[in-house]
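Enquirer: Required output: the full structure, derived from the provided sequences and hints.
2 protein chains.
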Amino acid sequence: MNTSKKNYHHGDLTASLLNAASQIIEEQGVEGLSMRKLADTVGVSRTAPYHHFKDKNALLCALAEKGFQQQAQRLLALRTQKEGASVQLFAAYVHQYLDDAIQHKETYDLMYGRTLWKTGKPNASLKVASKHTFKCWIDWVEVLQKDSVLPSDNTPLRIGQTTWASLHGLARLFIDGIYLDQSDLTQMKEQMIRQLCVSHLPCT
Amino acid sequence: MNTSKKNYHHGDLTASLLNAASQIIEEQGVEGLSMRKLADTVGVSRTAPYHHFKDKNALLCALAEKGFQQQAQRLLALRTQKEGASVQLFAAYVHQYLDDAIQHKETYDLMYGRTLWKTGKPNASLKVASKHTFKCWIDWVEVLQKDSVLPSDNTPLRIGQTTWASLHGLARLFIDGIYLDQSDLTQMKEQMIRQLCVSHLPCT
DNA sequence: TTGATATGTTGACAGTGTCAAGATAGGTTT
DNA sequence: AAACCTATCTTGACACTGTCAACATATCAA
Chain Y
1 MNTSKKNYHH
11 GDLTASLLNA
21 ASQIIEEQGV
31 EGLSMRKLAD
41 TVGVSRTAPY
51 HHFKDKNALL
61 CALAEKGFQQ
71 QAQRLLALRT
81 QKEGASVQLF
91 AAYVHQYLDD
101 AIQHKETYDL
111 MYGRTLWKTG
121 KPNASLKVAS
131 KHTFKCWIDW
141 VEVLQKDSVL
151 PSDNTPLRIG
161 QTTWASLHGL
171 ARLFIDGIYL
181 DQSDLTQMKE
191 QMIRQLCVSH
201 LPCT
Chain P
1 MNTSKKNYHH
11 GDLTASLLNA
21 ASQIIEEQGV
31 EGLSMRKLAD
41 TVGVSRTAPY
51 HHFKDKNALL
61 CALAEKGFQQ
71 QAQRLLALRT
81 QKEGASVQLF
91 AAYVHQYLDD
101 AIQHKETYDL
111 MYGRTLWKTG
121 KPNASLKVAS
131 KHTFKCWIDW
141 VEVLQKDSVL
151 PSDNTPLRIG
161 QTTWASLHGL
171 ARLFIDGIYL
181 DQSDLTQMKE
191 QMIRQLCVSH
201 LPCT
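Chain order of the listed sequences is Y and P. Position 82, counted from 1, in the first sequence is what our numbering calls 82; the numbers after and before it change by one each time, with no gaps. Position 130, counted from 1, in the second sequence is what our numbering calls 130; the numbers after and before it change by one each time, with no gaps.
In short, the hints are calculated from the structure, not lab data. Cβ coordinates follow ideal geometry from the N, Cα and C atoms, glycine included. It is possible that part of the hints are untrue.
[Claimed, not checked] Per label pair, the in silico range of CB-to-CB distance: (1) R46(P) / R79(Y): 31 to 41 Å; (2) D147(P) / I138(Y): 27 to 37 Å; (3) A85(Y) / Q73(P): 27 to 37 Å.
[To be verified] Okay, derived cross-link-like pairs now, DSS-like style, lysine-lysine, Cα gap no bigger than 25 Å in a straight line: (4) K131(Y) / K189(P); (5) K118(Y) / K135(P); (6) K37(P) / K189(Y); (7) K37(P) / K121(Y); (8) K37(Y) / K118(P); (9) K37(P) / K56(Y); (10) K105(P) / K127(Y); (11) K37(P) / K118(Y); (12) K105(Y) / K131(Y); (13) K189(P) / K135(P); (14) K146(P) / K105(P); (15) K105(Y) / K121(P); (16) K105(P) / K56(P); (17) K66(Y) / K146(Y); (18) K105(P) / K131(Y); (19) K121(Y) / K118(P); (20) K56(P) / K146(P); (21) K131(Y) / K121(Y).
[Stated by the list, open to error] Chain P is nowhere near these chain Y residues, computed Cβ spacing over 12 Å in every case: (22) L13; (23) S45; (24) S86.
Expert: Below, the structure is given as structure tokens:
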């Protein structure tokens, strides 16, 4: 059929490839993933994967897409979780976002790195998934603005863009190995929260 | 001699390689640079460059180092330039930093990308150069704190780290092709400045 | 002149992504 | 049941990559 591959020769190569690729990337990064090695780990010949993914790029897009879906779900969960003040929820999100990004460095890099967005061509469905994730973020930003957590001197889009850019930048510095001191991270996260929130400098 | 290569066979291969490589990278990015093509453009055989650079990595490090030196000089120039209020100077720097990063995307990526810092091993002298550039930044941050442009609720190091991370994040989003709308950039830069500066919310 | 050393060359090896041509196995149609 | 189509997998091949080893030569010092 179309969607569900039955036991042809391998079983379910599509899924096996995605799983193996995901693991290799988590361990060695995108640079460590080669189609040939991947095929070898799964136990098929070099070109077998090309019957399931047009390209190496297509495989990576599919992988990244899964990451975006997970992140979108996490964002939605946060919005519904109404217990606790918004400020603390936001602070918790910042911590979570960065911890998560750093714990899964390589996946984060796959999702937001130039391998997919610049060098390769992002898939149509990958674009959709990432835009949806971003929309979830913007929606939450709007709420945070109403709760006076984030500044209201601009549209939710702009505030969402710049605040996210800040988080992204911090994440990248650690992920790319420019900053390495994990001990700095905690303090930087807290400073970043102060920088982003309205309550940054309490007016009297 | 040691430093100045005279007219041996080629003339000055070291410099020629750096120039050609720099140009290729500006045009096609790091991914578009291959040692073989580079040697070909310069007009030598494939392995000739290896007598001037131990590695492809070493060549890239040398290239990035030049970038850091330029940036450090620009930072120093800003600090001595005392005309105009500090706030406006800082705003101008933010604009310049991002415009420059985006205009020379590929060089920026070389300097701060994972190609050098994560995948490859950054040179000893590259580390020195980048640290020096960063120190220039921190020194200026200290001044900006005293001028009440940047917040003083933390050390110059921390403030410097987080503010720079924000700029870096914004730069990366455009460089990596995640954001493409140049028209958004102007507004995002201005919002970012507001986010970073103390005057963000004027206290009455 | 005699070396030493810096610089350049060709040949080779292992690795990469991916196309083309052929084999086979599964499901569908007659 | 036989015939056929198509999804899947295979081997072979090509052009590309970084870089090592061995060899050639040009330049400078003794």
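Enquirer: Give a verdict on every hint.
Expert: Cross-check of the supplied hints:
Between R46(P) and R79(Y) the Cβ separation comes to about 56 Å, which falls outside the hinted range of 31 to 41 Å. One distance hint, 27 to 37 Å for the beta-carbon pair D147(P) and I138(Y), holds here, with the actual separation near 34 Å. Between A85(Y) and Q73(P) the C-beta distance comes to about 47 Å, which lies outside the given range of 27 to 37 Å. About 21 Å separates the Cα atoms of K131(Y) and K189(P), which keeps this hinted pair within 25 Å; it holds.
Restraint check for K118(Y) and K135(P): the C-alpha separation of about 31 Å exceeds 25 Å, so the hint is violated. For the hint linking K37(P) to K189(Y), the alpha-carbon distance of about 43 Å lies beyond 25 Å, and the restraint is violated. A distance of roughly 24 Å separates the Cα atoms of K37(P) and K121(Y); the hinted pair therefore holds under the 25 Å criterion. This hinted pair checks out: K37(Y) and K118(P) have alpha carbons roughly 21 Å apart, not beyond 25 Å.
The suggested pairing of K37(P) with K56(Y) holds, with an alpha-carbon distance near 24 Å, which does not exceed 25 Å. Annotation: proposed proximity of K105(P) to K127(Y) holds, straight-line Cα distance about 22 Å (limit 25 Å). For the hint linking K37(P) to K118(Y), the alpha-carbon distance of about 21 Å falls within 25 Å, and the restraint holds. Among the hinted pairs, K105(Y) with K131(Y) is consistent with the structure: their alpha-carbon atoms are about 21 Å apart, no more than 25 Å.
Straight-line distance between C-alpha atoms of K189(P) and K135(P) comes to about 23 Å, which keeps the hinted pair within the 25 Å bound. With a CA separation close to 33 Å, the supplied pair K146(P) and K105(P) exceeds the 25 Å bound. For the given pair, K105(Y) sits about 18 Å from K121(P) by alpha-carbon distance, which is consistent with the 25 Å threshold. Note on K105(P) and K56(P): the hinted pairing holds, with a Cα-Cα distance of about 20 Å set against a maximum of 25 Å.
Between K66(Y) and K146(Y) the alpha-carbon distance is near 31 Å, which puts this suggested pair outside the 25 Å criterion. Proposed proximity of K105(P) and K131(Y) is supported: the alpha carbons are some 23 Å apart, at most 25 Å. Using a Cα cut-off of 25 Å, the hinted pair K121(Y) and K118(P) holds, with the two alpha carbons roughly 23 Å apart. At most 25 Å may separate the alpha-carbon atoms for a hinted pair to count; K56(P) and K146(P) exceed this at roughly 44 Å.
With a C-alpha separation of about 15 Å, the suggested pairing of K131(Y) with K121(Y) holds against the 25 Å cut-off. Even its closest Cβ contact with chain P, about 29 Å, leaves L13(Y) beyond 12 Å, as expected for a residue assigned away from the interface. The claim that S45(Y) lies off the interface holds: its Cβ sits roughly 27 Å from the closest Cβ of chain P, which is beyond the 12 Å cut-off. Distance check on S86(Y): its Cβ is at least 18 Å (rounded) from any Cβ of chain P, clearing the 12 Å threshold; non-interface status holds.
Going down the numbered hints, you'll see the structure goes against 1, 3, 5, 6, 14, 17 and 20, while the others check out.
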